[in-house]
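*Asks:* As a plain string of letters, each chain reads:
Protein chains: 2
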Amino acid sequence: MKKLNLNLGEKSYPIYIGENLLSQADYLTKHISGNQVMIVSNTTVAPLYIDKVKSLLTDFEVCEVILPDGEQYKNLDTVNQIFTSLLENRFDRSSTLIALGGGVVGDMTGFAAASYQRGVNFIQIPTTLLSQVDSSVGGKTGVNHPLGKNMIGAFYQPKAVIIDVDTLDTLPNREFSAGMAEVIKYGLLGNENFLSFIEKNVDSLMNKEKSSVIDAIYQSCKDKANIVAEDELEAGKRALLNLGHTFGHAIENSMGYGNYLHGEAISIGMYMAAVMSEKEGFIDQSQVSRVKSILENCELPTRLTGKINFSDFSKSMSVDKKVLKGKIRLVLLNPIGAAFVSDDYHKEFLDQTIKEFC
Amino acid sequence: MKKLNLNLGEKSYPIYIGENLLSQADYLTKHISGNQVMIVSNTTVAPLYIDKVKSLLTDFEVCEVILPDGEQYKNLDTVNQIFTSLLENRFDRSSTLIALGGGVVGDMTGFAAASYQRGVNFIQIPTTLLSQVDSSVGGKTGVNHPLGKNMIGAFYQPKAVIIDVDTLDTLPNREFSAGMAEVIKYGLLGNENFLSFIEKNVDSLMNKEKSSVIDAIYQSCKDKANIVAEDELEAGKRALLNLGHTFGHAIENSMGYGNYLHGEAISIGMYMAAVMSEKEGFIDQSQVSRVKSILENCELPTRLTGKINFSDFSKSMSVDKKVLKGKIRLVLLNPIGAAFVSDDYHKEFLDQTIKEFC
Numbered sequence: 602m603k604k605l606n607l608n609l610g611e612k613s614y615p616i617y618i619g620e621n622l623l624s625q626a627d628y629l630t631k632h633i634s635g636n637q638v639m640i641v642s643n644t645t646v647a648p649l650y651i652d653k654v655k656s657l658l659t660d661f662e663v664c665e666v667i668l669p670d671g672e673q674y675k676n677l678d679t680v681n682q683i684f685t686s687l688l689e690n691r692f693d694r695s696s697t698l699i700a701l702g703g704g705v706v707g708d709m710t711g712f713a714a715a716s717y718q719r720g721v722n723f724i725q726i727p728t729t730l731l732s733q734v735d736s737s738v739g740g741k742t743g744v745n746h747p748l749g750k751n752m753i754g755a756f757y758q759p760k761a762v763i764i765d766v767d768t769l770d771t772l773p774n775r776e777f778s779a780g781m782a783e784v785i786k787y788g789l790l791g792n793e794n795f796l797s798f799i800e801k802n803v804d805s806l807m808n809k810e811k812s813s814v815i816d817a818i819y820q821s822c823k824d825k826a827n828i829v830a831e832d833e834l835e836a837g838k839r840a841l842l843n844l845g846h847t848f849g850h851a852i853e854n855s856m857g858y859g860n861y862l863h864g865e866a867i868s869i870g871m872y873m874a875a876v877m878s879e880k881e882g883f884i885d886q887s888q889v890s891r892v893k894s895i896l897e898n899c900e901l902p903t904r905l906t907g908k909i910n911f912s913d914f915s916k917s918m919s920v921d922k923k924v925l926k927g928k929i930r931l932v933l934l935n936p937i938g939a940a941f942v943s944d945d946y947h948k949e950f951l952d953q954t955i956k957e958f959c
Numbered sequence: 602m603k604k605l606n607l608n609l610g611e612k613s614y615p616i617y618i619g620e621n622l623l624s625q626a627d628y629l630t631k632h633i634s635g636n637q638v639m640i641v642s643n644t645t646v647a648p649l650y651i652d653k654v655k656s657l658l659t660d661f662e663v664c665e666v667i668l669p670d671g672e673q674y675k676n677l678d679t680v681n682q683i684f685t686s687l688l689e690n691r692f693d694r695s696s697t698l699i700a701l702g703g704g705v706v707g708d709m710t711g712f713a714a715a716s717y718q719r720g721v722n723f724i725q726i727p728t729t730l731l732s733q734v735d736s737s738v739g740g741k742t743g744v745n746h747p748l749g750k751n752m753i754g755a756f757y758q759p760k761a762v763i764i765d766v767d768t769l770d771t772l773p774n775r776e777f778s779a780g781m782a783e784v785i786k787y788g789l790l791g792n793e794n795f796l797s798f799i800e801k802n803v804d805s806l807m808n809k810e811k812s813s814v815i816d817a818i819y820q821s822c823k824d825k826a827n828i829v830a831e832d833e834l835e836a837g838k839r840a841l842l843n844l845g846h847t848f849g850h851a852i853e854n855s856m857g858y859g860n861y862l863h864g865e866a867i868s869i870g871m872y873m874a875a876v877m878s879e880k881e882g883f884i885d886q887s888q889v890s891r892v893k894s895i896l897e898n899c900e901l902p903t904r905l906t907g908k909i910n911f912s913d914f915s916k917s918m919s920v921d922k923k924v925l926k927g928k929i930r931l932v933l934l935n936p937i938g939a940a941f942v943s944d945d946y947h948k949e950f951l952d953q954t955i956k957e958f959c
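Protein chains in written order, with the numbering used here: chain F, 602 to 959; chain S, 602 to 959.
Simulated from the structure, these hints should not be mistaken for laboratory data.
Do not take every clue at face value.
A pair counts as met if it fits within one copy or between any two copies, since identical chains are not told apart.
Unchecked claim - Straight line, CA to CA, 27 Å or less: simulated DSSO-like cross-link-like pairs of lysine-lysine: (1) 603 x 893; (2) 928 x 655; (3) 760 x 838; (4) 603 x 801; (5) 928 x 631; (6) 612 x 838.
Extracted from the complex, chain F is given alone in its bound form:
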């Protein structure tokens, strides 16, 4: 078991990464303060792991709420189901919510915990690679609005994150690849050594060999934890974590949720950011190819398969949260391993980039 700490003063918390963690009660129970525990999961993950988690909680009053599975349910109505269940079961302010599932479950459970009685404790047990390396760490919670992704939410930190890599055994390969997009992101944005590690170990990673996977998750969480510790509320450096996301969210918004997995949209988005960075003269063609190769070696898309209208795509980009005072901010590579946030780029290069992908 490897342990990391996210340093946020009073809000600091541990991230445990290892095998077989869901068979050991202590990682979980020592972070529960009250007596009432609500496990929030979905129809896919609950049948696989909820009994295992419940068996660790014999000393507590445990309830569960099982949500429908899918990004299309990540909205206020679904979060309201959690509130209803908490109230029906008379959960008080000292209760603890456990998010058992992927990013959608984690984001909604975190927002429910942030908002229920103005804040109760919660613990993340992410079961997908994507959520293990990204959404479960850093305290971003929230839901989508029909007019934009993740537009409603809170910065709210969990008491602990428990990453049991055994849960990846049941994860479909397509979703594992989607998670690899975020792993690759950490290499691209600030850690060229880590990118080389991924390139060198791509086969064992894609075969889900535990030791490589634990190393990759550990390094991803470590890189993210360092950035979040510096800039919890995304006033500056944290924006680097959005590499590929402005393009990616526009893909998700204009194609409709569900066509692409989040990680797949981000994969295309990161490649678009690389293409744009080349137009701006920050990287050369060989570096663009390097980005393309590692994404494709992880079985990730670098091209849109469906057709998107250019103006729809541009419009979708401009409602993203990263738009500041009307100007779209992009995360670009200068070079690989050193991303930066820019609103000082050539608008025509952005338009060209979008056109090449539409």
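Based on the hints, put chain S in the right spot on chain F.
*Replies:* Here is chain S on its own, set in the frame of chain F:
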């Protein structure tokens, strides 16, 4: 103009109290950081004051969202209208929300500000006495759930509170009285001198004479600010502010919102707390009468007019947020001017108290 400061470190903010403040742009504009301003008001208050506020904001991009008026609309669906309007108008993370109205508008606008893009700035312009002395100060925001009042929300502080007492000229007398319930509360819970001030000046207060009203609002906000500065997240002392509220919320829940104004329910609730305190031997009958007199002199109810079933009332009390681990916590008087939080009381006295009022 009187000015108070709520001391919460980086989250500190000023509270301005005076006449004619909505004719002076500076109080408002110096607390707006971005260029986009969304004024949230309701169908009652907007026709009276929104043009005045807009005329202070000629240098900004200003939009408005006008909500239906009433506690029955204080829910997630109505907050979602604010999100929709913000997104339709492409409001970004640097935008500012202004709550123009009473407590319902303030609570919903604050929660929308806390949750929109995980947090944008907001400013409170409370236009009712109740919101001026209570909800606009201290950062409690949120909405009701069908199963309980204020069950969904956030602790989220405004950038400033602007209290123009001229707005009380258009406030119906019944609502002014409801606000007086919270003013009296500060006297009862921790400031016997202030209670004497209210008793001595009850006529000029009820005649809305500006100088008395400003003094009463100033002292109320000061007492509240001191408590909040000590205990922002209601881990301890802040619970004293709930004097009358556990009973009061049960009245609102079991009678349905709309029969009693919040302040009226709190008035009955505070009187119930006094009766209960007498049963426990903390105060004597003359002190109970003193509580009754000042409430009645402010034209507030001390009895339920409709019938409530005893078991419905008890059940309503037990879903209140102030229930900790199944035990209802009460704020009691020991004596007047010195409230304390208790879960060590005689259950039979609580039952007797409820029965006397049902």
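*Asks:* Now tell me, hint by hint, if it's right for this structure.
*Replies:* Status of each hint after checking the structure:
1. Within a single copy, residue 603 and residue 893 get their C-alpha atoms no closer than 31 Å, and across copies no closer than 63 Å, so neither meets the 27 Å cut-off.
2. With identical chains, the CA atoms of residue 928 and residue 655 are at most 27 Å apart between copies only, with a shortest distance of 26 Å across copies and 48 Å within one.
3. With identical chains, the CA atoms of residue 760 and residue 838 are at most 27 Å apart both within one copy (23 Å) and between copies (24 Å).
4. Taking the shortest Cα distances, residue 603 and residue 801 sit within 27 Å of each other inside one copy (22 Å), while across copies they are farther apart (67 Å).
5. Only between protomers do residue 928 and residue 631 lie at most 27 Å apart by alpha-carbon distance; the minimum there is 24 Å, versus 46 Å within a single protomer.
6. Taking the shortest Cα distances, residue 612 and residue 838 sit within 27 Å of each other both inside one copy (19 Å) and across copies (22 Å).
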